[in-house]
Amino acid sequence: MMAVVMFLIGLASGVITGMLSVGGGVILVFFLMMIPPLIIQTEFPMQTIAGYSIMQAFFATLSGAVFYFKERLIDRTMVIFLGIPSFFGGMGGVAVAHNLSDEFLRWFFAFMALSAALMMLIPQKDKEEAVYKNRKLVLAFSTLIGVFIGVAGGMLGIAAGFLFVPAMIYLFKIPIKKAIGTSLVACFLLAAGSFLMKLTTDAISLQLGIMLVAGGILGAQVGGRVNRAFSPLLLKRVTAAAILIISLTVVYDLF
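Taking the working numbering, I'd label the letters of the sequence shown as residues 4 to 258.
Simulated from the structure, these hints should not be mistaken for lab results.
Each statement offered as a hint is correct.
In silico lysine-lysine, PhoX-like type, Cα no more than 20 angstroms apart, as pairs:
{"id": "1", "residue 1": "Lys176", "residue 2": "Lys139"}
{"id": "2", "residue 1": "Lys239", "residue 2": "Lys180"}
{"id": "3", "residue 1": "Lys180", "residue 2": "Lys73"}
Because the structure is a prediction, the values reported are computed rather than measured.
Throw the hints in and build the complete structure from the sequences for me.
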């Protein structure tokens, strides 16, 4: 029964993620928090939820990253100075999460979900690639940003694309298409570091994780087809509203 529930959770989150394009990690974590207690009276701890979520993120971002590499829509410098630090940050985030209470992680998730909703409301206008006067300072700053996002993502099991994309567009002045491609690679590296660390903790069942991933892959195909029928701006606003509701629901449940 648990395997069926995990497949259905993956399917539902996959459809929504494929349809809305962003916010998939936040939506999946929310489903894993809310659905098992309702259907099978089983409540996962946040460390386990993060493990399943990051496992799905690992496989989802891998295929996207390969596509953008082939299209040469990757800023290799940002991959090195933002993506690789997020790999190690993700590992650190998993280690930190195992020393924190479940309640704290749920509060932190609500905060990050609210941040995601607000980030999605920022208009993303294309930029010309910047030429920095102090390149070393920019690269050092990007490394710190990568570690910070990696730790946050590793703690909660989210690939944090909603943080990477605005950072690349507004802080590092990367054009939108390259920002999205580079973000996917950074998300993959974050997910890879977090997933590797999760495998050492016995926090998840690989069999259940595979069912979740299988449902997510199928659902994303369905959601992607539905996506074509709606305007990107409408989908972005719907996503922001959905994630805002998620954050408020989690806060309500904590009181």
